[in-house]
Amino acid sequence: MKVKVGAFLGGVVFGIGLAIAGMTQPAKIVGFFDFFGSWDPSLAFVMVGAIIVYTPVYRWAIRTWQHPIWAPAFSLPTREDIDGRLILGSAIFGVGWGLGGYCPGPALTSVGAGSSEAFTFGAAMLVGVGAYQLFMRIREGRTGRPADAQAAAMIDG
Amino acid sequence: MSPMESFTPIASTIGGVLIGIAAAGLLMFHGRIAGISGIAGGIFRREPGDMAWRVMFLVGLLAAGVGWSFFFPQDYLVEIERSTGALIVAGLTVGIGTQLGSGCTSGHGVCGIGRLSKRSTVATISFMITAALTVFVVNEVLGGAI
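Top to bottom, those sequences are chains A and B.
Note that this note's numbering has the first sequence beginning at 1, numbered continuously upward.
Note that this note's numbering has the second sequence beginning at 1, numbered continuously upward.
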């Protein structure tokens, strides 16, 4: 129960942070990349504000804690290699981000806000996520690999 | 809108700090990376015992939109001209791209860079470049609407 409530509250704070930061307004995302028009550097301030809080907590926790408060172990990415999938996938994501002005977090919280544009984008996004996961599941099944027990360690975020 | 008119350094920093607090909380209590695309992708893998926190985090994200928009509906205005077709293509590419690239703005851009991860730094540079190129094409070549 506490785990569920905790995760729920995490999502609430994350979503309110996105709204206050202006990241639920696609015009501000597009504005960040609009170097030849009315450039809006706000996105950089959001990232810096978040990283300034996150980095010291992360370094302190993983160095000094045996395990997280409610879980037996940290589930953190372990990969360090730069591969084609990482670069290509991120490049594809960037095209959609620039085109729609939404990344996954802002899109989902804006669906809650009743935005019809976010709903259209978000529904297509979940189709994309689901199609990819289904494709990988089928492929892993055929090659006989285990059903991704270490999935958390393979995914960066 | 004139240059810099919409720039919100204080609000964006405060919002960023809240995002950082939520991400730090998910790490401290659950031991997880607060990457929205990774959390959503995991739901489709349906690993036993790995579902509840993912679903509840995303429900919290939706609930924040429901509650916040009641008081501040202007925070969710779109104000760019995008057709339904463009939004569908954008959603599909974000969905597939984030899974192939194993992360999005939160997982790579905030948590990954915050962890000083080389992979996430490369990923962030990659999606920033293509986002900038896409916005250049839409705004400068297509006149701002698609």
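Please note that a few of the clues may not be correct.
What follows is a set of in silico ranges between Cβ atoms, one per label pair, in the way DEER data are often shown [what the hints assert, rightly or not]: (1) A:Phe135 - B:Lys118: 37 to 47 Å; (2) A:Pro72 - B:Gly144: 44 to 54 Å; (3) B:Ile129 - A:Glu80: 14 to 24 Å; (4) A:Glu140 - B:Gly49: 17 to 27 Å; (5) A:Glu140 - B:Phe72: 17 to 27 Å; (6) B:Gly49 - A:Gly141: 16 to 26 Å; (7) A:Arg63 - B:Ser83: 43 to 53 Å; (8) A:Val127 - B:Glu79: 18 to 28 Å; (9) B:Thr121 - A:Val5: 29 to 39 Å; (10) B:Ala52 - A:Pro41: 36 to 46 Å; (11) B:Leu116 - A:His67: 33 to 43 Å; (12) B:Lys118 - A:Trp60: 17 to 27 Å.
A few chain A residues that face chain B, going by a derived Cβ cut-off under 8 Å, partial list only [unchecked claim]: (13) Leu108; (14) Gly130; (15) Ile138; (16) Glu140.
To be clear, the hints were calculated from the coordinates, so they are not data collected in a lab.
Keep in mind that this is a model prediction, so the values were computed, not measured.
Glycine is no exception: its CB is placed at the ideal position from the N, C-alpha and C atoms.
Checked hints:
Distance hint check: the CB atoms of phenylalanine 135 of chain A and lysine 118 of chain B are about 27 Å apart, inconsistent with the given range 37 to 47 Å. Checked against the given bound of 44 to 54 Å, the beta carbons of proline 72 of chain A and glycine 144 of chain B, roughly 51 Å apart, stay inside it. For isoleucine 129 of chain B and glutamate 80 of chain A, the Cβ-Cβ distance of about 22 Å falls inside the hinted range of 14 to 24 Å, so the restraint holds. Range check, glutamate 140 of chain A to glycine 49 of chain B: about 19 Å between beta-carbon atoms, so the 17 to 27 Å window is met.
With their beta carbons about 44 Å apart, glutamate 140 of chain A and phenylalanine 72 of chain B fall outside the hinted range of 17 to 27 Å. The given range of 16 to 26 Å is respected by glycine 49 of chain B and glycine 141 of chain A, whose C-beta atoms sit roughly 21 Å from each other. Take arginine 63 of chain A and serine 83 of chain B: their Cβ atoms lie about 50 Å apart, and the range 43 to 53 Å holds. The given range of 18 to 28 Å is respected by valine 127 of chain A and glutamate 79 of chain B, whose C-beta atoms sit roughly 25 Å from each other.
A hinted range of 29 to 39 Å for the beta carbons of threonine 121 of chain B and valine 5 of chain A is consistent with their spacing of about 34 Å. Under the hint 36 to 46 Å, the C-beta atoms of alanine 52 of chain B and proline 41 of chain A, about 38 Å apart, fit the expected range. Distance hint check for leucine 116 of chain B and histidine 67 of chain A: the Cβ-Cβ separation is about 22 Å, which falls outside the suggested range of 33 to 43 Å. Checked against the given bound of 17 to 27 Å, the beta carbons of lysine 118 of chain B and tryptophan 60 of chain A, roughly 21 Å apart, stay inside it.
Contact between leucine 108 of chain A and chain B, as hinted, is supported at the beta carbon level, the nearest pair being about 5 Å apart and thus within 8 Å. With its C-beta approaching chain B no nearer than about 5 Å, glycine 130 of chain A sits inside the 8 Å limit, and its interface hint holds. The beta carbon of isoleucine 138 of chain A comes no nearer than 12 Å to any beta carbon in chain B, farther than 8 Å, and the hint placing it at the interface is violated. Hint status for glutamate 140 of chain A: violated, given a least beta-carbon distance of 10 Å to chain B, over 8 Å.
Going through the hint list in order, the structure does not satisfy hints 1, 5, 11, 15 and 16.
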